[in-house]
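Colleague: Sequences listed follow chains A and B, in order.
Going by our numbering, the first sequence opens with residue 431, and the numbers climb by one from there.
Going by our numbering, the second sequence opens with residue 43, and the numbers climb by one from there.
Everything labelled a hint here was simulated from the structure, so no lab data went into it.
Misleading hints may appear alongside valid ones.
[Claimed, not checked] If you want the footprint, here are the derived chain A segments under chain B, 3+ residues with CB under 8 Å:
(1) 601-615
(2) 626-632
(3) 635-648
[Claimed, not checked] Computed, partial: chain B to chain A, Cβ under 7 Å:
(4) GLN203
(5) ASP238
(6) ILE240
(7) GLU300
Idealized CB from N, CA, C, for every residue including glycine.
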Amino acid sequence: MKGVRLSKGARAGALLFGFAALIGLLIFGVAGYLRTSPPTVSVGASSSGSVNLVMQTDGAVGVGPHPSWVGYFVQDASGAWHQTTLIQLPQNTDVHVTLYEYDSGGNLRNSVWSQVAGTTGGVAYINGAAESVVNPNTNTGNGIAHTFNVPALGINVPMYGVSGSAKNFCNTGPCNTSQAHNTITFTFHTGGAGTYRWQCFVPCGLGYLEGNGGPMQSLGYMAGFLKVV
Amino acid sequence: MARFVLEDSRSEEAGKSALVKILSVWAVVSIIGMALVWFVLGPHLAPGTMTDQAQGAQFDIKFVSTLVVPVLLFVWFFFGYSIMKWRVRPGEDGTLPAANLSGNSKAQGAWYVITTTLVLGLAAFGTYFLIAPAGAGGGEGASPIWTPGTTKLLQVQVIAQQWRFTYRWPQFGGMETTGIELPVNTEIEFNVTSLDVIHDFWAYQLGVKADANPDYNNVAYTKTLATGRFTVRCDELCGIWHGAMYNYGTVVSQQQFEQWATNMEQQNASVTKLLPKYSLTYTPSYSGAGGGYYNTSVDPNANL
Ligand SMILES: [Cu+2]
Ligand SMILES: [Cu+2]
Numbered sequence: 431m432k433g434v435r436l437s438k439g440a441r442a443g444a445l446l447f448g449f450a451a452l453i454g455l456l457i458f459g460v461a462g463y464l465r466t467s468p469p470t471v472s473v474g475a476s477s478s479g480s481v482n483l484v485m486q487t488d489g490a491v492g493v494g495p496h497p498s499w500v501g502y503f504v505q506d507a508s509g510a511w512h513q514t515t516l517i518q519l520p521q522n523t524d525v526h527v528t529l530y531e532y533d534s535g536g537n538l539r540n541s542v543w544s545q546v547a548g549t550t551g552g553v554a555y556i557n558g559a560a561e562s563v564v565n566p567n568t569n570t571g572n573g574i575a576h577t578f579n580v581p582a583l584g585i586n587v588p589m590y591g592v593s594g595s596a597k598n599f600c601n602t603g604p605c606n607t608s609q610a611h612n613t614i615t616f617t618f619h620t621g622g623a624g625t626y627r628w629q630c631f632v633p634c635g636l637g638y639l640e641g642n643g644g645p646m647q648s649l650g651y652m653a654g655f656l657k658v659v
Numbered sequence: 043m044a045r046f047v048l049e050d051s052r053s054e055e056a057g058k059s060a061l062v063k064i065l066s067v068w069a070v071v072s073i074i075g076m077a078l079v080w081f082v083l084g085p086h087l088a089p090g091t092m093t094d095q096a097q098g099a100q101f102d103i104k105f106v107s108t109l110v111v112p113v114l115l116f117v118w119f120f121f122g123y124s125i126m127k128w129r130v131r132p133g134e135d136g137t138l139p140a141a142n143l144s145g146n147s148k149a150q151g152a153w154y155v156i157t158t159t160l161v162l163g164l165a166a167f168g169t170y171f172l173i174a175p176a177g178a179g180g181g182e183g184a185s186p187i188w189t190p191g192t193t194k195l196l197q198v199q200v201i202a203q204q205w206r207f208t209y210r211w212p213q214f215g216g217m218e219t220t221g222i223e224l225p226v227n228t229e230i231e232f233n234v235t236s237l238d239v240i241h242d243f244w245a246y247q248l249g250v251k252a253d254a255n256p257d258y259n260n261v262a263y264t265k266t267l268a269t270g271r272f273t274v275r276c277d278e279l280c281g282i283w284h285g286a287m288y289n290y291g292t293v294v295s296q297q298q299f300e301q302w303a304t305n306m307e308q309q310n311a312s313v314t315k316l317l318p319k320y321s322l323t324y325t326p327s328y329s330g331a332g333g334g335y336y337n338t339s340v341d342p343n344a345n346l
């Protein structure tokens, strides 16, 4: 007995359909990728030759596809907050960073990251006080929430956490300065043009393997790029 | 007419003289080729000659590459000769009577003996040089069997963490650095471990490559022989920044190294105090946010 043979037209149709499905899948994938790519916030050069970069770290960003993930917001020139870790900076410029840290902390997996490095003067100001080594065991035991680390620029800035039981603890972002926070300020120099990756060294990906999955591996949360142009 | 050509060029006599021709040209070209690979290409082969282990690796690659030359050339020459001499020419029908095909036990035997010797010889060579020279720069596990014949070792602990390497120096107060410098003409003992997933410490120009496993101390040896820059790369896929998990180190004079290490020890004194006691492994006992940290009894998740 011979199997059912499709007519030429039917076969061509099936082929076309398969092809269309494949293209559709591709477009879906690319669009999905583009949709989830966080925006780049550009920090333009000021007249004084230095720029201000204002960021906040929240225990839960509260927006986007993963509202419960820990992550960053970056302020643009108009003062609006964007949930992203992609930052464009001018080259050979001093960048004055202000970081509002709203997350709770713990100990570092590797205490070597308690040292401030790569900043002007080798210090970061935590709520106004200059620190070169941040002891996770001080600051009433709230530990280190995150570290801002740019390997290629040698930058490492540990951020004290706030108490998770603070009265006005920010449970979901974007947070504002009326809520419990630490203000960390420091300055670094951008040097030449290039794209520099940055990450956090506190394994803060809650519920992921070794704490290093999820937000730790996702742009817009705990992984990012400084695009120096 | 066509049949004459066939029979003539495929007779036993013709075959022998062809083989002699192939072999004599092959021998001459092979010797030249082997000399070129050994003397001209050899010194440029990976991974260079910065350490004894790198030298060893380069020697192995040079040796095998040189041996490959005659094998490769024989195959090429035989094919080349066959195509030129024994191809079907215009006017020939190209079919070969079955009677003309015959076995040649001598040729077969030679083939078996030569290939078996080559393969087994290379296996023995590889096995010997993989282990005998103090582990050939590979990670030998926690209790290495092949050790360098000296106890004067500079110990460098390599700590892999997603996604950077840091280095601890038990002979310099247990300090931990993000960079690595090494003194020349010194036997180095690398103690490689990880604080999270599996990484791999691959110091290319040093001829050292050892997996970094959590809760495990993987030992590798090398002796620095020349100054210069080397690259350290992670060679186990370990997450988003795996491709960016590299840094550069330098082999410097012993005096320069002493200076660097002493400077670092002073610079890092305040952070060294915060580090856990030097240990061959560190146990990150928690996963999840805060992730745990190493070698301490404090629960990092207590505040969460
Ligand atoms: Cu973090
Ligand atoms: Cu790695």
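Colleague: Hint by hint, note whether the structure agrees.
Modeller: Each hint, compared with the structure:
Counting residues of the region 601-615 of chain A whose CB lies closer than 8 Å to any CB of chain B gives 0, so the stated coverage by that chain is violated, three being the minimum. With 4 residues carrying a beta carbon less than 8 Å from a beta carbon of chain B, the region 626-632 of chain A meets the three-residue requirement, and the given coverage holds. Here's how the region 635-648 of chain A fares: 12 of its residues keep a CB closer than 8 Å to some CB of chain B, so the rule of at least three is met and the hint holds. The closest approach between the C-beta of GLN203 (chain B) and any C-beta of chain A is roughly 5 Å, which is under the 7 Å cut-off, so the hint is satisfied.
Using the Cβ-Cβ criterion of 7 Å, the hint placing ASP238 (chain B) at the interface with chain A is satisfied: the shortest such distance is roughly 4 Å. Because the smallest distance between the Cβ of ILE240 (chain B) and any Cβ of chain A comes to about 11 Å, over 7 Å, the interface hint for this residue is violated. Of the supplied interface hints, the one on GLU300 (chain B) is violated, with its beta-carbon coming no nearer than about 22 Å to a beta-carbon of chain A, more than 7 Å.
Violated hints, listed in ascending order, are 1, 6, 7; each of the other numbered hints is respected by the structure.
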